[in-house]
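Peer 1: Now for the letters of each chain:
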Amino acid sequence: MNKKIVSVIGVILGLFSLVFLWNLLKPSKEVDFSAEIKPILNKHCITCHGGVKKNGGFSLLFEEEAFANTESGKPAIIPGNASGSEFIKRLKEEDPELRMPYEKPKLSDEEIDLLTKWVNQGANWGEHWAYSLPQEVEIPKLTEEAGFSSENTAVVNNGIDQFILHRLKKEGVEPSPSAEDNILARRVALDITGLPPNTVLFQNYKTGKLDYEGMIDSLLAQPSFGEKWASWWLDMARYADTKGYEKDLGRSMWQYRDWVIKALNNDLPYDQFTIEQLAGDLLPNPSIDQLIATAFHRNTMNNDEGGTDDEEFRVAAIIDRVNTTFDVWQSTTMGCVQCHGHPYDPFKQKDYYNVMAFFNNTRDEDTPDEAPALRFYTPEQQESIDEINTWLSNHGDENTAKVYTDFLRFQEPVYKSHSLQDFINGSYDDHASAVLWNNGSCRLENVFTHGSEYLYFKHYSYYSGVSFTIRKDNAEGEILTQFTLNKTEEPVTKRIPIKRVHGPINIHIEINNPKIPKTTNALHIYWLGFLPDIPGSDQAGFSRIQRAFDKAIDFKAPILPVMAENPEYISRSTQVFERGNWLLQTDTVQPATPSVLNSWEASWSKDRLGFSKWLVDKKNPLTARTLVNRVWHQIFGRGLLSTVEDIGSQSDFPSHPGLLDWLALRFMNEHQWSIKALIKEIVVSGTYRQNSELTPETYQQDPENELYARGPRLRLSAEQIRDQALAVSGLLSPKMYGPGVMPPQPEGVWQTVYSGEQWLESKNEDRYRRAVYTYLKRTSPYPSFLTFDAGSREVCTIRRTVTNTPLQALVTLNDPVYLEASYHLAKAMQSSDTIEEQLIHGYEKATLSTISPEKLNALKALYDTSLNEFKKDNDGLIQFLHFDANPTAELGALTVVANAIMNLDEFLTKA
Amino acid sequence: MDQIERLIREKLMRDAQAKTRRHFIKDCATGLGGLALGSIFLGCDPLEPKGKKEKIVFSDRDLNPLATLPPPYTPKVKSVIYLHMAGSPSQLEMFDHKPVLHKLNNQDCPESLLQGKKFAFIKGTPKLLGPQAEFSQEGESGNWVSNYLPHFKKVIDEVAFLKAVHTDQFNHGPAQLFMHTGSPRLGRPSIGAWATYGLGSENQNLPGFVVLTSGGKTPDAGKSVWGSGFLPSVYQGVQCRSEGDPVLYIEDPKGISRNLKRSTIDAINKINKEEYAKYADPEILARINQYEMAYRMQIAVPEIMNIESEPENIKEMYGVEPGKESFANNCLLARKLVEDGVRFVQLFDWGWDSHGTDHSTAVDLGLRNKCREIDRPITALLLDLKQRGLLDETLVVWGGEFGRTPMQENRGNKEMGFKGRDHHGDAFTMWMAGGGVKKGACHGKTDDIGFLGIEGRVSVHDVHATILHLLGFDHEEFTFEFQGRNYRLTDVEGEIIKEILA
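Protein chains in written order, with my numbering: chain G, 758 to 1668; chain L, 514 to 1015.
Think of the hints as simulated: they come from the structure by calculation, not from any bench. One or more hints might be untrue.
To be verified - The calculated label-pair distances, taken between Cβ atoms and stated as ranges, are: (1) L:GLU825 to G:GLY1394: 53 to 61 Å; (2) G:LYS800 to L:PRO663: 56 to 64 Å; (3) L:LEU878 to G:ASN1521: 27 to 35 Å; (4) G:ASN1263 to L:GLN628: 22 to 30 Å; (5) L:GLN628 to G:GLY1222: 40 to 48 Å.
Unchecked claim - Listed below are the simulated BS3-like cross-link pairs for lysine-lysine, each with C-alpha atoms no more than 30 Å apart in a straight line: (6) L:LYS786 to G:LYS1617; (7) G:LYS1617 to L:LYS791; (8) G:LYS1602 to L:LYS958.
To be verified - Far from chain G, by Cβ distances over 12 Å, these chain L residues were calculated: (9) PRO584; (10) PRO612; (11) HIS615; (12) LEU617; (13) ALA633; (14) SER654; (15) GLN717; (16) TYR748; (17) ARG754; (18) TYR762; (19) ILE763; (20) GLN900; (21) ASP905; (22) GLU906.
For every residue, glycine included, the Cβ atom is placed at its ideal position computed from N, Cα and C.
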């Protein structure tokens, strides 16, 4: 062929392809899968073609599924060819039997258009933004005239304001002026410390001795900061003072609550805060504090109800830990994946069990004693413990020393009584012990004795002279040990010599004493444990150490349930539960993290410690975004991404995506995971400092304040409402930490089954402690908190719904707690001279605002009515102020007014 | 269903949902509603923010999250009274007549029945325990009832029995949660919360969802059985008590007269209106409204909780004991509450866990007493509702969280001193009566010893689907979005039990 012709054809072909390409690309810009296509698929298709149902063999959840052959034998989507794609054809179908979505309205023309364009453009699959790393974003530049107006200062204070103003400008919305100083001081103090600012701080700020930033620094340094923000974290950690479920008995968890308060006050960086709570026990030489932190996941409920299977509720606790971990750190509802692939987010069922494998290897087994539990020794006890530990490190190797240190800390690992089986003349009694009668026996399988010389055995014997025998394998097996038990006064641990055996064995346990009446309980067995022999048996002082150890095991000490990992030889394997049913276990899985998220570093151990490092790795796309979104939500009452529980394909789109990522990156990099620095950055912004006044116009424009053209105006939390009332009345106790307290609550609120536990009203200053210290019984939480939307902390709560109900009015009007506070505020008001001054005093003390004449008139009218009533009705007055020896009608009337002040919207709200 | 009709209904359904508090602010922006303002602020100053031209329009639910909403479909009933026998009553001594079990009394339970089964307390091979009550067929329907319930035969033709209900939970706490929230784990709203969320309440001076307990204890699963789960907490059940304040904090402090409380609320609301003039925040208006409601509730609740004022013949009919906490009192209260427009009344009576560990839990002794405690009140409740024409618009549901075994319990693998039965979820009896329910129906059948359902088995989800249907909801469409997912009471299951519908 002629070269010229070839080149002409070449040119023509080239032109054609250019035109073709131009046609393809130029007139319509590329469709964005994440922003434009995925939302349509999620809204209209994914219910029937997703992770749960895959109708017609077609699913749109994962790329490989979307382009795979369907039941028809062909793929539904043919990239580049919309008209040939069943996926598009079905959308346009006129026959309702064939048209998709099935039995639903037809998609809009725009939606069909977009999908068509997307297929024609090659149907490029994209990753949802939530699973890509936060983007380095440039702070939007602002023109000169933009800015928050203020009489005193220019308040474009930081990057936040530039993002916010940029969007406001785009929407043509004006920001609001700064809030008045007093309003702002109250707002920021409530946000940081949960309390109104104290008088000195407020005066210093009002008089200009302290600038705004100085006030914030001072507030962040107050111990009340940790008490305020702990409530937020404890909701997620499902912290409570009882175990939950039917019996709901008390548990000693408060050391964990105190740890959270201290960690927040010390500004423990969030990555470390995370690691210590999820895996503090696996850190090298963990401190007591790091062990306490692991109680985070011991806040799961413990079921002591008679007849419940401990294994079932152990598994339920593990499932709760997986779900809570993902709820708290990843804004991801892993709970969905327990039974099947996630209906809309890219998680597969196996992902769930892979994660579960990280958590499935802890010692806790839903036993009533909540083992493993960290023991807190008295100084004298600790002295003895230290002596033992010193001996062990002097005479033994590191491993042996660790076994003993751990055993003295939380008495694990042991074989618990619920593992005993094949009972003859005996049974497991449902209260963490097995019970045997005369000629009673039972079996324990797969026991590792480590060739130990001794068996440790916690028991309670009702009789003396009971012969106790342990045999290998069965009733006819070789005797490993035999001895006589004596009557004990309480459960005690006994050290018994046993024949050295190596390798796992099955043991047969029996007791005999013909004097014991038939079917009468003779012996309770709580646990059996084997420890390597104490080293240095040939050294002087050995027997003293041995005796000290025997004694130390039964030291009485307060406890805290904590995490402890199974040693290798009793580690559990994890299997997939078919349809989420724990009795139908299928494929065995290994610990692994979901593939859609950040990858695993080889240097991480495949345990909870590695997992927690993975969570706080800077390459995890969700951890920092989740945290900054939630802190923002705490302050503004709305997240930058409004669905604070869920960041994923079904969540709302962030109102300010650039700001969310900018804050997330700053939080990790500039602020080094400092929560205090993040809070400060938010509250110093001009955005935060705007006033929160609305007009009908601004309200209609943006009812939810999504654009942040005004400051936050929100009802206070249950805790804040109590704490504020106590603070302004001068009753609030500054005492921190310790067991939960029981301020007055109505009679008869606790009425739970099988529990003699009672609400014993606290005395003295414990009546007036901050709400965070109030005893929380899961099946019956403190009633007035419940009314103000606090939860029962049975499961992880990310967000409390804020309601506005008549029952709330009844609490602040009639609860004796608020009357007592009103009375004390009234007494403080009496320090002013005239009635008018007294009313002004009370109002200003409570709200930090200057009273308007109209409001003062209203209070004065109420005062006059009350005064008249009480003057006429002295009996009524005496009943009303029953705690006052010589009540006056004036004080009665002031108390009524003070109570009215504590019911004002402006008191119950941060404006 | 016709395609268009379906679409219209879907639209209605969506509108109804959109009117919830969660979405209310958006609604305000588009000016939906605004009807309630006038009636709520009778004689008030105009609520216009100062110097601001336009008035904000609110929907009913902006100001009151319990404002009435119409159900998406035609309802058969307006309210529900749910009688829960906490601990779980023995169907074998009450409604499920098993003559063969009587013959097999004291024989070893066949191994085939025990294989793969888990029990709470039964160990080894238990013995079958024949029914401890006498049975007879009563009414025109000829349905069976035992001599433990002599009064009940008068109303037996009003009732539709479900003889083969099953649950997969056999411990009290999880089973009660499952029965009331559709999930054995915590965190889901209870059925009463769903109903109140979907329909609001007809009486704004009373809570929309009231809980009454008797038997000296609250249910095993705690207050979560009437909790609101992920729904706003305003929809949770409010416990009304026979002793102490009927509702917590409802009573004025001693020495405060009604007049003085009125003045207090007037002062608060006057100042709140000033505040509204400055901030124009609709939450302030809602709060003003809530304080007015609280004031009215303080009168209405003690009034309705007072049964003394009922006529003697009514008190006698129920067998009430004023001033005490009793199931009879609660039945009478339930009638008064639904009569006054309360949406959902939940009764829990504790003490039905007939394990045979002592006299009170023996199926031949204590159970008989428990039956005596409920027989007259329940009969009276149905008759009283009927004579007032309320039974047609009320649904009454009766049941426990599971049933009891045909085997005698042998706790600790020992013969026990009293006759008792263990927990049993495979087959148990519930009944419904009232609007839309087929009178005298009996659906489902168990095998000869009452161990398994062999016909007409229905699940807890089916029961829920049926209750929602009678209230005017399609249980598959009635959802709430939480954590990116649409949740419903029946999860992904549930079928309406058509056999018992009129």
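Peer 1: Given a hinted range of 53 to 61 Å, is it respected by the beta-carbon distance of L:GLU825 and G:GLY1394?
Peer 2: 55 Å, holds
Peer 1: Does L:SER654 clear chain G by more than 12 Å, comparing its Cβ with all Cβ atoms of that chain?
Peer 2: 36 Å, holds
Peer 1: Check the non-interface label on L:GLN717: least C-beta distance to chain G beyond 12 Å or not.
Peer 2: 9 Å, violated
Peer 1: Quickly compare the C-alpha distance for L:LYS786 and G:LYS1617 to 30 Å and report which way the hint goes.
Peer 2: 17 Å, holds
Peer 1: G:LYS1617 and L:LYS791 were given as a pair; does the straight-line alpha-carbon distance stay at or below 30 Å?
Peer 2: 21 Å, holds
Peer 1: Just checking, L:PRO612 versus chain G, shortest CB gap more than 12 Å?
Peer 2: 30 Å, holds
Peer 1: Falls inside 40 to 48 Å, the C-beta gap from L:GLN628 to G:GLY1222?
Peer 2: Holds, at about 41 Å.
Peer 1: With 12 Å as the threshold, tell me whether L:GLN900 passes as away from chain G on beta-carbon distances.
Peer 2: The claim stands: L:GLN900 keeps its Cβ more than 12 Å from every Cβ of chain G (closest is about 33 Å).
Peer 1: Confirm or reject: L:GLU906 is not an interface residue toward chain G, with every Cβ-Cβ distance exceeding 12 Å.
Peer 2: L:GLU906 is indeed farther than 12 Å from all Cβ atoms of chain G, at 26 Å.
Peer 1: Quick check on a hinted range of 56 to 64 Å for G:LYS800 and L:PRO663, using CB atoms only.
Peer 2: 58 Å, holds
Peer 1: Going by Cβ atoms, does L:TYR748 stay more than 12 Å from chain G at every point?
Peer 2: 9 Å, violated
Peer 1: Do L:LEU878 and G:ASN1521 keep their Cβ atoms within the hinted range of 27 to 35 Å?
Peer 2: 49 Å, violated
Going through the hint list in order, the structure does not satisfy hints 3, 8, 13, 15, 16, 17, 18 and 19.
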